[in-house]
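**Q** Chain by chain, the residues run as shown.
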Amino acid sequence: MTVGLVLALTVGGLFAAGVYLMMSRNLVRVLLGFLLAGHGVNLLLLTSGTSGVAPIVGEGDPDAALADPLPQALILTSIVISLGVSAFLLAMVYRNYRSTAAIVVDTDEDEDLTRQDTTGGSE
Amino acid sequence: MGTSGAFAAAPWFLLAYLVLGLLGPACCRWWDRSALIVLSALPAATTVWAAAMLPSVLDGGSRTVTISWIPVLSLDLDFRLDALSMIMTLVIAGIGTLVLLYSSRYFPRGDDGLGKYLGSMLVFAGSMLGLVWADNLLLLVIFWELTGLLSYLLIAHRAGKQSSRSAASQAFLTTTAGGLVMLIGAVLLGELADTYRISEIIADPPQGGWVTAAVIMLIVGGITKSAIVPFSFWLPGAMAAPTPASAYLHAATMVKAGLYLFARLAPAFALPDGSPTFWQPLLILLGGATLLYGAVQALRQRDLKLLLAYGTVSQLGLMTLLLGAGNADALLGGMAMLLAHASFKAPLFFVVGIIDETTGTRDLTRLSGLRRRLPVPFWVAVAAGVSMAGVPPMLGFATKEAGYAGLLDGGTWGVVAVALMAVGSALTVTYTIRFLWGAFGDKDGVEPVRPKRAPALMTGPAVLLAVLGLIFGVVPQVLEGLLQSYARTAGETHADALALWHGFNLPLLLSVTGWVVGTGVFLAQRGIERARAAIAAPGAAPGGSYRATTRAVDFIAFGVTSATQRGSLPASMGAILLVLIVFPGLNLLHSGEVAGDVVLGDPAEVAVGAVVLVLAVSLLKIRRALVAVLVVGGIGYAIAVLYIVRGAPDLALTQLLVETVTLIAALLVLTRMPDTALSTGKRGNVIRTVLAIAAGALMTALALIIPGSRTLEPVSGALDGAAVTFGGGHNIVNVILVDVRAWDTYGEITVLVAAATGVASLIFINRRTGSVPRRPTVLPSDDSTRPDRPSPWLATNWSPRRSLLLEVVTRLIFHVIVVFSLFVLFVGHDEPGGGFAAGLIVGLALALRYLAGGAFELGEAAPVDAGILMGIGLLITSVMAVFGLLTGGAALQSTIFEADVAVLGHLKFVTSSLFDIGVYFVVIGLVLDVLRSMGAELDRQLVQDRVEQGQAQDRVGAGRRSGAPATAGSGRGRRR
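Protein chains in written order, with my numbering: chain R, 1383 to 1505; chain C, 84 to 1059.
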């Protein structure tokens, strides 16, 4: 079993750059980060399977080892889902821009529950 | 194991309670409150049915029914009817019938809460029956919690009142907390006994410290349910429920569930081998404390219903004390008391309800002269009160005598119990007299109230129960057989335990003393009240510990939440990453090692990987969004090359298409925003950098460790043959998607639909994408979008941006692309391709039309709603799923049809191709939604902004000309 170092580094590099961007307040950078991290995870899935010729029965050299098709199916799902999610993120970027004329998200003050003076439940 | 006989109908009865309970609201709409009379037939039938089985449960007989449910969890529908269950069944069904009849006149005509009340009551009665029939510990807990839930609904009947709601949640939280402890106890006991069947556990009880712990946990459930100290506080609050519901749940049945549990467990765990255990001190002390607490509190109440509620608390304590003594005779006394309590407490509640309904108050300081005006309720109350005070000839007397006799037989702790019971009984006499005096007595200085007439259906059930109490009181021997059958499961008993006259003995002496002392206390209390010219006021509402606990939980919850959820996106992300790095990361360092040989990788991989890394790093420094998006697109294309190198043509194809669609969507949106989108101007953050590098290192480590850590053959190793034989396709990846893991794909396309809907609703604020923009027939006055000259190449000539080259190319290749997509779709089962890729190809074709001709061109190219396309896709895949079931296989299982057709030759059709067609439609719908939202709709909004801006400037101009200050809005129109 051989392990490709460059591919592993690519996975790590994509993920690091991706999450760095995702930790930004700028929504466009979050979107870019999401795309990068997605690529990184897809490649990680790919490295978990064996490499080989395309997993199509009856084509090419019958003796050559087929690439593991299962990670490929998982990645295919992942790629298409990430299209849906990035479209949604884009829509959010635009909506945020229309609503606030800003591309940056602020800290959500409503989330800060210490500011709430009710005690809820017990009453 | 007994036979089932007529008891085989038990599950059907439970089902009937559920079904009629659900139909209850509808019945109330048809028949109004008469529905209660009609549906009281169900508990009446249950009573008759159960009574008919009486002979079969005498002398240790039983009936059982078992329906297998979840055998893996030892959870089966085991029902069992023995003497103890029979006592409870008769109380639940009998009182239930009377309560429903009574309720049919208690509520006013057309009461809108009636349907909910009727439904809850029926389902409650069913749950309660299930509880006493359950012969499986887990099933018992399930019914136990169900009764608590329905009690919650009934206490909160007047949901508009805040006090009702808080009383309801107090009762619910308290009993449910107990129920959870009980669940732990049930699982513990079941595992220790190696069976969850209650009858088997009782017949052969396990022993040891853990068993004691399990039984104590079960007892905790019991004392919360039966409002035993220290959990008594919820029962008075539960009086917010309608009075008949209180009579039923909080006097006659639900609060007896705990007692039932004690009675059920006592034969096995109270006095194993005749030696005392924790059982006696625990239950006798708690029961005694409750007995005295309830009685004293009852003396301080002005509200007749609360007086009865505390009376109930006190009586529950008394019965717990009797069951706590645990010897056979005391158990008999306890269950006899339970029957007697049902026969006197329910009519007393009925009388309070009548007084409340006819006079409008339950305050004993305002009631006077009712003895003459409500004679029937008065005599009912006297009879029931006499029974409650334990005075002959009512049933309460005989049962109390039996209780004394049983306790006197119960050893040292029995003597303690007798002392407690004697004091409690005296106080019971006191609060009984106080109740009768308060409700019906003449009071100085209080105007006699003038009640309305009480309906016969309200007095009738009360009279019936009072008469039953009298009959059983005179000849209690008729109950002897049933009670002895239960008590003898715990050991030898004395015969003739119940009798109106046992001769002069110690129990009689104790009773007489109780009457005298009780009356004396009443007179003394009245004397003090007269002297002060004031009637004792109740103390603070009980439940301080409950309120303190809930407050503390709230406080901690708010503290934790506000400490962890700061509302900052970077902080939340960072926290997630930190957890990822610390826990899996440290584990990885601890245990993981690279098992394979680390090589650089093949040259193509190295080259492409290097490109990707360089692009990714350079992305961090880019300040212009458009450039950044292009760079990300480049990374995506490079990765597609990597996929090809690694033998994944399907991935490469899909990746290329997705990357292109993403790029188009991103450019569409970003060109509508300032090109400064990325220029934050801030320096990089050290914490972020560290986290990101650590996370990246973790992923690299994973990528190095995962391939070498495999110990088994890949599951996909055997898929190549199966794909052809069963999946009917040569492209294994596609067969996995549409056949082997089709559920997964089904879930995925629903996610796509959700995402598309999200996109549309974020962009179109007020409406769905419903209207498809088509070629306008009338030119708008605004000329900003008018073409320079007509285009011969496209369906519309309505584009603000014209490119002849694009128009020509679009014209030439649009239809070719669509036909090609069909090819990709249908070969997908055998070659790279399939529904996803084909759908994306159509999407790109549509994007081309939009880019060349604008919104109207897109509308002409795809004159359908994207939502409808996606709906069709989901429908096709769902039909496919059902088709697999119809052909006798699993959902989504595919079928291969093969036929030799003239001219066309040998044809093969796999039903999973249909599934792929569904996917195709969903993906087209998604891309269309994206184009229509981010393309066409943004165009429209932009034009609208421009028009509004122009108008605003006109207004400002006009204002300037007329000399008015130019303070009108800036007209940027962004805040929508």
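Worth flagging that the hints you see were computed from the coordinates, not collected in a lab.
Since the model is a prediction, treat every value here as computed from it, not as a measurement.
Virtual Cβ for every residue (Gly too), placed ideally from N, Cα, C.
Any given hint could turn out to be false.
Unchecked claim - Chain R is nowhere near these chain C residues, computed Cβ spacing over 10 Å in every case:
(1) L236
(2) A578
(3) R609
(4) L660
(5) L669
(6) Y726
(7) T737
(8) V798
(9) F919
Said to hold, decoys possible - Pulled a few chain R residues facing chain C out of the computed Cβ check, cut under 8 Å:
(10) V1401
(11) Y1402
(12) L1417
(13) S1433
(14) P1437
(15) G1440
(16) D1445
(17) L1448
(18) A1449
(19) A1455
(20) I1461
(21) L1465
(22) G1466
(23) M1474
**Q** Evaluate the condition: distance from the CB of C:L669 to the nearest CB of chain R exceeds 10 Å.
**A** The assertion about C:L669 holds, with a minimum of 17 Å to chain R.
**Q** Let me know if the C-beta of R:A1455 comes in closer than 8 Å to any C-beta of chain C, holds or violated.
**A** Holds: closest Cβ of chain C sits about 4 Å from R:A1455, inside 8 Å.
**Q** Does the no-contact call for C:T737 survive, Cβ to all of chain R over 10 Å?
**A** With a cut-off of 10 Å, C:T737 comes too close to chain R, as the shortest Cβ separation is near 5 Å.
**Q** At 10 Å, judged by beta carbons, does C:L660 keep clear of chain R as stated?
**A** violated, 6 Å
**Q** Does the nearest C-beta of chain C fall within a distance shorter than 8 Å of the C-beta of R:M1474?
**A** holds, 6 Å
**Q** Holds or violated: is the Cβ of R:Y1402 closer than 8 Å to a Cβ in chain C?
**A** holds, 4 Å
**Q** Is the claim that C:L236 lies outside the interface with chain R correct, judged by CB distances over 10 Å?
**A** C:L236 is indeed farther than 10 Å from all Cβ atoms of chain R, at 19 Å.
**Q** C:V798: least C-beta distance to chain R exceeds 10 Å?
**A** C:V798 is in fact no farther than 10 Å from some Cβ atom of chain R, at 6 Å.
**Q** With chain C as the partner, please determine if R:P1437 meets the hint condition of a C-beta pair closer than 8 Å.
**A** Result: holds, 4 Å to nearest chain C Cβ.
**Q** Min Cβ distance, R:L1465 to chain C: is it shorter than 8 Å?
**A** holds, 5 Å
**Q** Can the hint on R:L1448 be confirmed by a CB-to-CB distance to chain C that is less than 8 Å?
**A** R:L1448 check passes; min Cβ-Cβ to chain C is 6 Å, inside 8 Å.
**Q** Checking a non-interface call: every C-beta of chain R should be farther than 10 Å from the C-beta of C:F919. Is that right?
**A** Given a closest Cβ separation of 5 Å, the condition is violated.
Against the hints set out earlier in the document, violations occur for numbers 4, 6, 7, 8, 9 and 16.
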